[in-house]
Amino acid sequence: MMYRGEFTRAEPLHFQSNAEPTGGLYSWRWMNNASYASLIWKARKKWQKLFLQIEPLKDGEITIILRGPDARDEYGQFYSVQTDWRNVKINGKTVFDGPKALSFQKGFAKHISIKKDEALEVEGEFRKHQFTFRDFTFLKSGNLWYFITGNLLFFALIYRLVGCIRGGGNQIGNGLFLAVFFICCVIPITCTSDAVRSTREARMLTVKPEMKEVFEIESDYGRKYEQWFNDHMGGRIFLTKLHDSIRNKLSRIPRTERAIYLKEEGMEFLTPFVPIFNTKQSYLKSIVNNLILLNQFCLQNRIKFYVLEVPKKEIIYRELLSVRYGFDEKEFIRISRAQEAIRNGARQHHIPYVYPYNALRSAAKQDRIFYQWLHHWTDWGAFVGYRELMKEIRKDFPDIPVVSLSDYTKTQSCFVRDEFNEAYRPPGLQLQSFLNYGVMGDPRNRVLYNHYNHNDADKMVVSVGQYTKEFTYPRGKCKVMLIGTSQNEVLNHFLPYSAAQLKYVRLNLRRVETVEQFKILKLYKKDMLTYKPDILILSISTENLPGFRNLSATK
Amino acid sequence: MLFSSTVFLFLFLPIVCALYLLVRKELKDYVLLLASIFFYAWGEPRYVAVMLLTIIINYVGAILISKYKCKKLLLLLTILGDLSFLFYFKYFNFFVENINALFDGHIDFIKVIMPIGISFYTFQAISYVVDVYREEVEPQKNIHKLALYITLFPQLVAGPIVKYHDVADQIENRTVDFEKVAYGVKRFIVGLAKKVLIANTLGAVADKVFTQPIDQLDCVTTWLGAICYTFQIYYDFSGYSDMAIGLGSIFGFKFLENFTYPYISKSISEYWRRWHISMGSWFRDYLFLPLQRALSLSKTYGKLSHRLGRRKINILLTAVALLVTWFLIGFWHGAGWSFVVYGLYNGFFIFLEIITGWNRDRKSFAGRAMQHFYTMFVVILGFVIFRSDTMNYAWHYLLTMFGAERGETMYHLIYYVDRIEIIALIVGAICSAPLCSKMLEVEGRSQLRIAAVNLWLLALFILSAASIAASTYNPFIYFRF
Numbered sequence: 000m001m002y003r004g005e006f007t008r009a010e011p012l013h014f015q016s017n018a019e020p021t022g023g024l025y026s027w028r029w030m031n032n033a034s035y036a037s038l039i040w041k042a043r044k045k046w047q048k049l050f051l052q053i054e055p056l057k058d059g060e061i062t063i064i065l066r067g068p069d070a071r072d073e074y075g076q077f078y079s080v081q082t083d084w085r086n087v088k089i090n091g092k093t094v095f096d097g098p099k100a101l102s103f104q105k106g107f108a109k110h111i112s113i114k115k116d117e118a119l120e121v122e123g124e125f126r127k128h129q130f131t132f133r134d135f136t137f138l139k140s141g142n143l144w145y146f147i148t149g150n151l152l153f154f155a156l157i158y159r160l161v162g163c164i165r166g167g168g169n170q171i172g173n174g175l176f177l178a179v180f181f182i183c184c185v186i187p188i189t190c191t192s193d194a195v196r197s198t199r200e201a202r203m204l205t206v207k208p209e210m211k212e213v214f215e216i217e218s219d220y221g222r223k224y225e226q227w228f229n230d231h232m233g234g235r236i237f238l239t240k241l242h243d244s245i246r247n248k249l250s251r252i253p254r255t256e257r258a259i260y261l262k263e264e265g266m267e268f269l270t271p272f273v274p275i276f277n278t279k280q281s282y283l284k285s286i287v288n289n290l291i292l293l294n295q296f297c298l299q300n301r302i303k304f305y306v307l308e309v310p311k312k313e314i315i316y317r318e319l320l321s322v323r324y325g326f327d328e329k330e331f332i333r334i335s336r337a338q339e340a341i342r343n344g345a346r347q348h349h350i351p352y353v354y355p356y357n358a359l360r361s362a363a364k365q366d367r368i369f370y371q372w373l374h375h376w377t378d379w380g381a382f383v384g385y386r387e388l389m390k391e392i393r394k395d396f397p398d399i400p401v402v403s404l405s406d407y408t409k410t411q412s413c414f415v416r417d418e419f420n421e422a423y424r425p426p427g428l429q430l431q432s433f434l435n436y437g438v439m440g441d442p443r444n445r446v447l448y449n450h451y452n453h454n455d456a457d458k459m460v461v462s463v464g465q466y467t468k469e470f471t472y473p474r475g476k477c478k479v480m481l482i483g484t485s486q487n488e489v490l491n492h493f494l495p496y497s498a499a500q501l502k503y504v505r506l507n508l509r510r511v512e513t514v515e516q517f518k519i520l521k522l523y524k525k526d527m528l529t530y531k532p533d534i535l536i537l538s539i540s541t542e543n544l545p546g547f548r549n550l551s552a553t554k
Numbered sequence: 000m001l002f003s004s005t006v007f008l009f010l011f012l013p014i015v016c017a018l019y020l021l022v023r024k025e026l027k028d029y030v031l032l033l034a035s036i037f038f039y040a041w042g043e044p045r046y047v048a049v050m051l052l053t054i055i056i057n058y059v060g061a062i063l064i065s066k067y068k069c070k071k072l073l074l075l076l077t078i079l080g081d082l083s084f085l086f087y088f089k090y091f092n093f094f095v096e097n098i099n100a101l102f103d104g105h106i107d108f109i110k111v112i113m114p115i116g117i118s119f120y121t122f123q124a125i126s127y128v129v130d131v132y133r134e135e136v137e138p139q140k141n142i143h144k145l146a147l148y149i150t151l152f153p154q155l156v157a158g159p160i161v162k163y164h165d166v167a168d169q170i171e172n173r174t175v176d177f178e179k180v181a182y183g184v185k186r187f188i189v190g191l192a193k194k195v196l197i198a199n200t201l202g203a204v205a206d207k208v209f210t211q212p213i214d215q216l217d218c219v220t221t222w223l224g225a226i227c228y229t230f231q232i233y234y235d236f237s238g239y240s241d242m243a244i245g246l247g248s249i250f251g252f253k254f255l256e257n258f259t260y261p262y263i264s265k266s267i268s269e270y271w272r273r274w275h276i277s278m279g280s281w282f283r284d285y286l287f288l289p290l291q292r293a294l295s296l297s298k299t300y301g302k303l304s305h306r307l308g309r310r311k312i313n314i315l316l317t318a319v320a321l322l323v324t325w326f327l328i329g330f331w332h333g334a335g336w337s338f339v340v341y342g343l344y345n346g347f348f349i350f351l352e353i354i355t356g357w358n359r360d361r362k363s364f365a366g367r368a369m370q371h372f373y374t375m376f377v378v379i380l381g382f383v384i385f386r387s388d389t390m391n392y393a394w395h396y397l398l399t400m401f402g403a404e405r406g407e408t409m410y411h412l413i414y415y416v417d418r419i420e421i422i423a424l425i426v427g428a429i430c431s432a433p434l435c436s437k438m439l440e441v442e443g444r445s446q447l448r449i450a451a452v453n454l455w456l457l458a459l460f461i462l463s464a465a466s467i468a469a470s471t472y473n474p475f476i477y478f479r480f
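Each protein sequence line maps, in turn, to chains A and B. Take the first sequence: its position 539, counting from 1, is numbered 538 in numbering that gives the first Met the number 0, and each next residue is one higher. Take the second sequence: its position 88, counting from 1, is numbered 87 in numbering that gives the first Met the number 0, and each next residue is one higher.
Everything labelled a hint here was simulated from the structure, so no lab data went into it. Certain hints may be false.
Unchecked claim - What follows is a set of in silico ranges between Cβ atoms, one per label pair, in the way DEER data are often shown:
no.: 1; chain 1: B; residue 1: 394; chain 2: A; residue 2: 524; range: 46 to 52 Å
no.: 2; chain 1: B; residue 1: 394; chain 2: A; residue 2: 515; range: 33 to 39 Å
no.: 3; chain 1: A; residue 1: 278; chain 2: B; residue 2: 363; range: 51 to 57 Å
no.: 4; chain 1: B; residue 1: 133; chain 2: A; residue 2: 179; range: 27 to 33 Å
no.: 5; chain 1: A; residue 1: 209; chain 2: B; residue 2: 21; range: 25 to 31 Å
no.: 6; chain 1: B; residue 1: 455; chain 2: A; residue 2: 515; range: 52 to 58 Å
no.: 7; chain 1: A; residue 1: 223; chain 2: B; residue 2: 435; range: 36 to 42 Å
no.: 8; chain 1: B; residue 1: 103; chain 2: A; residue 2: 277; range: 28 to 34 Å
no.: 9; chain 1: B; residue 1: 318; chain 2: A; residue 2: 339; range: 55 to 61 Å
Don't be surprised by glycine CBs; every beta carbon is placed ideally from N, CA and C.
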């Protein structure tokens, strides 16, 4: 019986004109005018026939991918389920006879050029994977050696142990115990994986080190090998999951080295909650002095200087942390006083300093102002911050337009948009956090964020540099230079629509030491003098305040 | 290579065990020797040469001592050879630092990493030549057997310090049987669980506390840090010793116990009889007793005892011997003044107990409770000195513990301890008493009970493996020594 495939799901991806992907799961692929469709059949034990006819509407290229199901566990982690394929033909030409066992991760792909009005026919047979000797193909190169030595040794050892049990009499329990122990010991080395990347950890796995020469002593070979083994040993995922699930079930507040997760609220906070920095009066005064020096430079060059301090997520939620969970309030108070001293010092010297704490606190009642799993503000949070900043700027530049949310189209997504080269971050980050805390299935974490996309987005011209972005918008006023950290990625959905030209300099993308990052005059004096902005905005988060001690450094 | 690393657990250990148990008896020594050298070379292959040189020095030294009359001179030369490596790798920079500080000098430091376990195998080597000198054992004719004694990987990097006379017979002739292997594996799992599940969990808490600036700690937090560290170091070190004893048992050796529930001690003297027994007995056998004997035989002793009376002079003699011994015990632990102070601190309390008789057993419950409280109090405070990077930090830490100084704490206690840490602390406290000391015994136990214990141990092994796989936080404290 022949099955005729139908499109059960056809989801075109949308791309901006500059070919930078802005949506869809495959955002790491940079494709122009592409779309994909998947056809889904249910595989059975018996061979089934597939016949698919594709009629293109115009000339183009198509990639046919045959693979197994997209199987994931409750943590969202892939696991391999294979489907057998055979007698696969494209336009009557045999592609492979098979049978081939293909999984979701290791599929078979064929790239073909097609022309309008020329039908493309794909046919073949498939079934649920049946175990055969071919399944031992995972025992390639290194694995084969480990497999043979490991298993031979351990079969011999267990045989010996069984011999001992027979001789020793009443020792069956211990014999079984030893057999299980040694089998557990040998599994990780006989089943090493050849994965290159870990979805769970969102990182590349270590590459296996090679011995340079047989007799050359490489002092760190052991360490490198150990790193490789740690990443690739069999059962690693099982063991890690087991550990994480126990830890997260037992803990009231699961934590990683740099963050804590409030289970009940479904919120992650970075630790330490408040920046650790010197709060002595002399130190705070030196920060203010640095602001004054930078302001003087701006005045000399007819630039209006503004400071935007983005409150730290943990400070916005300080009551939750201190009242509900008993974290000490004293440090928050200490830091508040220090911040206030800096702000007041700046204002006394007529440096506009925007700290949208109160506005954000009240805005938090309407929508999320910070991402659940990130320290960055959401579109809504950034909009509130933008509004507060513009209030201050309009005192000096009353003509500068201020956007409102009615200029935007609201979309919803669980993705986070916060990084320099991607409008949306793929789900890896959030997924990683879910996995780290073992809360994948928790409904509290299925949060949809509101994303605001300006209706005039097509009129905005953006050119992207290594750590700068330049925006040109015909309806804006003034030339603005924005220097700041990652919080500004979302701010850039609003601020560029007020300026005719805006140059955004991302501080922490430049490859300099952290202490160097805030040496604004040293790093960007030339840029400022060349760009000649009307407005300079220094926008950073509270945790970066200690960096202000280097602000006016010219060397 | 660490015992609690994946490479050791899932690669080195099973392969070495399999090879060792499968080869013929006469090849077993060679398998173990090669495995030990490979184990040592894994982290830093270059330092294998230092260890091999130590073996050669002691092999030749012992043979010469047994042959020639100038035994004492040869013994001194051999010991000097052993200690010179230790001094160079462990203490040279410490002396340079202090000389520079004292005389405003500018002697350059040497760029050298201390070979792992050098303190342990040096002491084992010294034990061998001294035993030969005392004619307690015959000098080893086969260099591979001496090499096996010094390099034996179960106790190579963190002890126990196995004295030669304790294992001389086993090196020559030992049996490997099923019961020893089963016991060894079980003991190894217990040690691994102690290290990974308890010591690492509490160690993370202690690290969090001890890495905070002292002005950000309050009284409760400092006590928490000190108590967690007290349990961490015990479970870390005794866990390692358990693993070493277990591995030894798999290979047919019987190493002496290194820890016998030290936290149930009722005096510091008793505590040191239960804590790191192999080190304590090493210093007792090879330093304290010979020193005491040498002092008592000296002419000055005779003159002073005549003048001051025998009791007083004996106290003075003990004090001097204790001072020297505990100074060196502290110094053995690390090239830093805080370690020296830690050693002298313990020596002081032992001396105090000797002269006051405080260490005598009390009959009443209250008396015993008081003794126990005093011991733990002294031990915990001692570990604060031990854990602190500088004496200045230790001093302020101690002041904060007693409320004499008060920092502004940054975090509530929940930042340091969640349920897991509390569970680890409770389990740690319970298991530091001999409540389950006979868990591994098989003799006279029913099959059901053995099966239950075995299942429990396998579960502990999987949990430990899970913890190892999930975490990179795995340093052994005693690797520093």
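Going through the hints against the structure:
1. B/394 / A/524: 46 to 52 Å: holds, 47 Å
2. B/394 / A/515: 33 to 39 Å: holds, 36 Å
3. A/278 / B/363: 51 to 57 Å: Holds, since residue 278 of chain A and residue 363 of chain B (Cβ atoms, about 53 Å apart) stay within the stated range.
4. B/133 / A/179: 27 to 33 Å: Because 46 Å falls outside the window, the suggested range is violated.
5. A/209 / B/21: 25 to 31 Å: Hint holds: Cβ distance 30 Å, inside 25 to 31 Å.
6. B/455 / A/515: 52 to 58 Å: At roughly 55 Å between Cβ atoms, residue 515 of chain A and residue 455 of chain B fall inside 52 to 58 Å, so the hint holds.
7. A/223 / B/435: 36 to 42 Å: holds, 40 Å
8. B/103 / A/277: 28 to 34 Å: holds, 31 Å
9. B/318 / A/339: 55 to 61 Å: holds, 60 Å
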